[in-house]
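Produce the complete structure using the sequences and hints provided.
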Amino acid sequence: MTSVSGPLLKVNNLQVDFGSGDTVTHAVNDISFQIRDGETVAIVGESGSGKSVTALSLTRLLPTPPAHYVGGEILFNGRNTLALSENDLRKVRGKQIAYIFQEPGTSLNPVFTIEYQIAEAIQLHRPDVTDVRAEAIRALDLVGIRNPAQRLGDYPHQLSGGMQQRVMIAMALACQPKLLVADEPTTALDVTIQKQIMDLLRDIKVKTGMSIMLITHNFGIIADIADRVVVMFRGKIVEDGPTGEVLRHPKHPYTRALIDCVPKLGAKQRRLRAIDHAEIEASA
Amino acid sequence: MKTYILRRLLLMIPMLLGVSLLVFVLVYISPGNYLDALKAQRDIPAEFIAKKERELGLDRPWYVQYVSWLGRTVRGDFGESWSYRIPVAELLAQRAPATLALSLTSLVFAWAIAVPLGVFAAVYRNSIFDKLSALSAYAALSIPEFFLALLAVIFASQWGVFPTGGLSSIDHDYLSPVGQLWDYVHHLILPTIVLGIGGAAGLMRVMRTNMLDVIQSEYVMTARAKGVPENVIMFRHVLRNAINPLVTSLGFAFSGLLSGAVLVENVMNYPGLGQLIFQAFMRKDRDVVMAAVIIGSSMLIIGNLIADILLAWVDPRIRYDK
Amino acid sequence: MTSDLLHQILRRRAGAFCLVVLILFYVAAFFAPLLAPYATSDQDLTKTYHPPTGVVWQEGRLAVRLYKLVDPTCAKYEAEPGQFAPIHFWVKAPTYHFLGFIPVSHRLFGVEAPARLYLLGSDETGRDVFSRLLYGSRVSLTIGLIGILITTVIGLTVGGLAGYFGGVFDSVAMRGTELIMAIPGLYLIIALRAALAKYFDDSDQIFILIVVILSFIGWAGTARVIRGLTLSLRNRPFIYAAEALGQGPVTILWKHLFPNLFSYLIVTSMLSIPGYILGEAALSFLGIGIQEPSTSWGLMLSQVQDLKVFMLNFWWLLTPGLAIFITVILFNVLGDVVRDIVDPKLKTQV
Amino acid sequence: MPSLRLTVLNSLFRGVAITLAALLIPACSPRQKLKREFPPLPKDVDIITKPPGRYGGIYINVDPGGGPNTFNYLVAEDATSMGAIGTVLEGLVRRNSLTEEIIPGLAKSWEVSPDNKTYTFHLREGVKWSDGAPFSADDVVFTFACIYDERFPNRHASDYSIDGKPFKVEKMDNLTVRFITPDIYAPFLEMVGGGPILPKHALQKFADNGTLMKAWNIGTHPREIVSTGMFRIASFKPGERLVYEPNPHYWRADNTGQRLPYLDLYITKFVRDQNASLAAFATGQSDSEGITPDNVEWVRRGEKAHNYTVHERGPSTVCNFLWFNQNPEKDKSGKPFVEPYKLKWFQDVRFRQAVSHGINREGIIKGVLFGRGTPLWGPETPANTKWFNPDLQKYPYSPEKARELLKLAGFRWNEAGELFDSAENRVSFTLNTNQENPIRQHMATVFKENMKDLGIEVKLQLLDFGTFVKKIGESYDYECGMLGLTGGGDPVGGMSVYLSSGRMHEWYPNQKKPATAWEARIDELMMKQLKTLNLAERKKYWFEVQRIMSEQLPFIYLITPNSYEGVKNRWENVEIPKSGGITWNLDEYYLK
Amino acid sequence: MNAPATPLLQVENLKVHFPITAGLLQRRIGEVKAVDDVSFTIERGTTVGLVGESGSGKTTIGRALIRLVNPTGGTIRYNGKDITFLRESQFRPYRKKIQIIFQDPYNSLNPRLTIFKIISEALEIHFPALGLEQRRARVAELLGKVGLKPEHMDRYPHEFSGGQRQRIGIARALAVEPEFIVCDEPVSALDVSVQAQIVNLLQDLQEELGLTYLFIAHDLAVVEHISDFVLVMNQGKIVEAATAEAIYQNPQDPYTKRLLDAVPKI
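Residue numbers (my numbering), protein chains in the order written: chain A, 1 to 284; chain H, 285 to 606; chain D, 607 to 956; chain C, 957 to 1548; chain R, 1549 to 1814.
Hints may contain errors.
Subject to a maximum C-alpha distance of 27 Å in a straight line, what follows is the list of computed DSS-like cross-link-like pairs (lysine-lysine) [what the hints assert, rightly or not]:
(1) 1645/R - 251/A
(2) 1484/C - 1496/C
(3) 861/D - 1645/R
Label pairs and their in silico Cβ distance ranges [stated by the list, open to error]:
(4) 1288/C - 708/D: 41 to 49 Å
(5) 519/H - 131/A: 24 to 32 Å
(6) 48/A - 519/H: 30 to 38 Å
(7) 48/A - 500/H: 13 to 21 Å
(8) 702/D - 1488/C: 54 to 62 Å
No lab work stands behind these hints, which were simulated from the structure alone. From the three backbone atoms N, C-alpha and C, an ideal C-beta is built for every residue, glycine too.
Shown next as structure tokens:
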């Protein structure tokens, strides 16, 4: 099943449109990138740059309509997910590619317990597991939740935001996916919690060796965790390279502007550089 | 939770006092009284009417009447029906089961129709089925309940398959137990449909909107991302959340168990509480009216409480008084 | 905002259709004295339960068939072959005062007496159902609008003030609304009707009474919802911004809060108008609504309680029911369209 | 996935189909056979003259009255309750509805003393209550003791009194009772003799402890309600039905010794309105039904299918009339009840006669009642054959005559045809009536249009019954009223209407002394008819009252709808009287 | 006496508590100490940064200063005058001097009003003498100041991007010519590039108009960038207060350290 040769994920000339007729927008416009086994790739860009659409497109999670997969292919383990049947796709979702989202508070179903929500994923994708509860406890334990057995009976709202995100991660990890897609996983959290979650992700990556696709706009996090950075601007990829390289020597003016406009701790500037979008558009 | 419920129940007392005072005054200031029907008969002497007025206490100022009524009611005595000459509690107890049965069957009917239809309309959104059900829901909501009841009566009397009214057949007492049960059911069918159809349409629309709302929520996306099959998503993740507001509506349904069928009972000639109470209002049989109002109000208040409790029950996010 | 909304409604097929038909209804109601061939009380005891007169094209003009009463015991009429009465347009009629002050002495169309033009048949005393339907629509169509106006004004005042100021006023106002909402609606309506009837004893005033009663029941719910919305709006930063600027509470309510309730109000208004129409119909049906000699759809419909209407097939007496049905559907659909436009998240009420 | 959805849909439809099928297959069940008891006949059994019938059959009657409120004679105030009580409790005498004669009831015979004040009743020997207890003079004495008892205020006490003085009721022996009236009381036999006799043995205890008014209510067990009538109560379901079964001790039998009634069961089903009872009859679910004129035609269409016949009974006893308020007094604030200038019109007999001429009674009958009605000219309708005076002044529809009379009375018209009185007041008044009665509403709207033709403006004001009663009976602040009274029976029932001091002397009630000569004359005649037992003489007095009423028109009589009765053809011995219920001789009914 | 020595704002022992009620009679059983005994001063013309995680009470302090919530105890001195418990009418003059900018650019502008009306409202209240034309001119000027065009004034808020709306919010605050502005997380909801523009704008305005800011944020880098002096809040209390440099280079309080430590660095 696992192809040793090629990358885990290869996106070729993907194009996703929203709407139809006069009001069509190209949310993702002819992009190509790849993620190798065990690699952490960050996709960075401002809101509306198409990074979330890219992430959700991997397993066709965008509702159609309004979204339309217009062109390109997404090769996961050599298979094009855009061409899979709904049934086969379901075997990829969760099992091969797992997701965590920005708002853990609304991403967990409020009326089911933690146990149910984790167990559901396990039962779906690992029918061989007999003691589902034990497995769920193990998953919670893995994400650093203390007293996992007691937490199982809790409802999402009884947990703090950080804990909720840990549960989301536990749920994602429960089926041992090949690729974890983390869509701005810490944006809604306080910095101290953000650090914990990022530390956790780094740990897990080391432990499980899975690939991570991290969607963020925070360069600090990128520097911290990502192996490679993909910069998106208005639906297109403007730069793609190893993290250190990109951060130190951004090639594209947009990347440079994006890095420059962030105030840096302990390095007080007189003025922040703002991005002149029109100028970048013109240069691109 | 316990203190919360207790507190809400205690709040009922001033509320019921206010309600009773309001209705008592309304009944008092409306022209005429229970004796109007007597006054309009030509062979009733004036002295007898005066005597009756004294006997019923109608000659006293309203606040005296109210206080004496209140005193009795607080002691659990709803008084006596002037036209039936039996204790009001007994009178209402005679009629309550019929109304209760009708309310419950129509509730079940409404739910049995509304939930599946609503779910299917949402699942097959914008399909012919969705459009047809939306259309029939509009129709059901737009036809006056009493008019529908009237049409049902006409239909029954023309077609002859369903009885034209009543609770049981004339030969009811001479039927076997199974026959008697069937007899009750047979008489319930038309009123149930008439009373339930409006509710079904409303519930269906709510169900559909809720489903569509929930379908767009992020946790449904999460479930999809987990690879949960679509039908499980719909019937477990979505339905369970979408039905919550409906479950709480059961509390409000409780409010109407005894007072929600007045129009239908009257038009369809179904001998329940609604008919009795409507007549009591028309005849100004005061103690019956007051008892009906007190019971109706209590059920409304308790129904609201039940709705709140149900809400906490179905939605783990809501807790009172932690 | 309003013109924008109108534009949006007209862009949707269902919305445009409903709006146009409703406007036609209102125009017809407004010009009822002109459009109706007869006054509401014009009787013809020799033509009771007359079926709708057939309209034909005869000798180059519109004409109505003439009918003969063949069996007075069951009001059976038969068209007399070859007998017609031409329809005249802009015919002379007894002078009446349109809108109470414009004297008009013509009607749009009619036939010469003793022939009668019954587009929708006649009722028990030979009155023209079509004319009565037109006049009756004035009651049925305005009752919702006026009722909504009253409940909205009261609801906004009470709910807005309660939500904004909170405290004692809030408690008193909310206990008041709870009190009204704690009485089963129909009971309260009947009790109010009986208690207040003596102050509105003229048949025209009964209309006002019904509106007052229905509004009295309705304002409590509106006030509570508006209070809730006010409470949540009150925590929106733009309200804080206005407070921080030193804006007075009344101005904040008027300028910042109420306009933001507009979309909610327009949707609930649309969706609750049917309640008033059906409420009037139900009361009139029970005999405690609009009274003769006034007319309303509900009152007209109460005639069909009589079995003979069905058994002798006086189907045209059911037209007020159809009118109610259509109007209510139109309002419901339009309400939903408006809701979809201004606030799709607004829940449909159970 | 689509397949799953289909499966769910499929099972849903199947479920619905099965449920529907289950509901539509009527459940069959055997009907139990009635067991009859045959205790011996009483010695003074009443043998009917008709040929004997045979036992069996259920007679079903649907009553739109909504059911009895009580079975207690002292409490009953409405017709349905009185009807139920009359079915189980017999009076000393009965009335043959067909011949309108007084015939023996629980008393086999009676005598009246020469001074016409003492009545002696001889009770039937051997009559038993339905529970087997013997019926005796004690029951009669007990009944009247209860009626006159101050603790039990009831409407009968004053009916059974003259000038507030009760009758003396004495037990002579076990089977003989004597009544002594303080003055001559013309309708004694019908009113008092026909009143039901209560069972002393069953009710004594309630009378003793003062709870008699609460006894025999709708919650009482049927067996406790003992009977002397043709039926006793088998079961009662409030709001639903009342089931009677034959009284095993009934005192009538046919000439073969078969005890009446022949019926196995008599069931009255209660419904809310006339429509429902009509529908029941027209679909063959009941055995008889009173039919209003407007429904006759379509009900007749079912005669063949359901094997019934609609019989015409002629004019009904409902008397519809309108009147002008002629009360010249003032209210507490000194404001006259009626504007003085209007009072002047109302007191002018020519005005009233003009109005009467202006009413299109034939039109109402033809249009509203499908030709099935009768114009009225006086207080009695032709249904009351015994007391109806056909020779009255009539006011046929004639706008010309009306105009003449108005002109004579000093009224005149302007160019627009509007009527003014001599003092230039526009003739305009408000007609009040209650809103509950549709036919009356139609008459009101027709009246309004008729008056418009005369140039008179009538405003119509339909009121709640309570408000209306208050206006005409207490506050007197109205101009014109319309009412319907169910008449019939003895003129004594009209005392409160025709006496000028009467409570229901609507045009000017509770007068200290008669305001006009003709009212004084009516007072005199009414008192005279009350105090003679001579039928011819009473008729003469009452006919004159009717004549005066028709000439002076304090009440302007309108119309009475004709009355129709549908009865299933399967019954023998159906005898439909001109007025009153058709089941008066139900004990003689049997299946053909 | 020594006028320049009086700080613009002195806060001493400020407490803001919210009651918790429970039980049958809804008796008060305790309180949330949103702000618990907090003291600090703000000098004229400086920016004081206030950082803390969600729920630390930083927003409540900001709102207490402009009286959107009522303080429970302590004193707030503005220009040396105690304004803690003034009645609304007495506080009115201070509303001209103290203004606020909100976090959420979507909710802080009334969607039913045009930009002109939103900004002009402040003018109507505090400069009632201005006529319509003068007000329009002033609004145009204010829009120019925050980098918008005068023709924007007749549009509605929904026609603007988040950054533009935040500019409008700033223009509204500036309309009354305030001395002191509470910036309540003004850039938290914005994209990084827009954030930079707004921060720059705030700094420019401070320079031009001599404004004093209380800058509330949870992003330590932004706070460091803009502030002269920084307050660190945790659970209703100020755990550390020092100059920006001192805090970032040499944090004293363990919480501050933890906070700084958590920030990922490029």
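These are the hints, each one checked on the structure:
1. Proposed proximity of residue 1645/R and residue 251/A is contradicted: the alpha carbons are some 47 Å apart, above 27 Å.
2. This hinted pair checks out: residue 1484/C and residue 1496/C have alpha carbons roughly 10 Å apart, not beyond 27 Å.
3. A threshold of 27 Å between alpha carbons decides the hint, and for residue 861/D with residue 1645/R the separation of about 23 Å falls inside it, so the pair holds.
4. Look at residue 1288/C against residue 708/D: about 44 Å separates their beta carbons, and that is inside 41 to 49 Å.
5. Taking the beta carbon of each, residue 519/H and residue 131/A are about 26 Å apart, inside 24 to 32 Å as hinted.
6. For residue 48/A and residue 519/H, the Cβ-Cβ distance of about 35 Å falls inside the hinted range of 30 to 38 Å, so the restraint holds.
7. Remark: the range hint 13 to 21 Å for residue 48/A to residue 500/H is upheld by a beta-carbon distance near 20 Å.
8. Against the hinted window of 54 to 62 Å, the Cβ-Cβ separation of residue 702/D and residue 1488/C comes to about 60 Å, which satisfies the hint.
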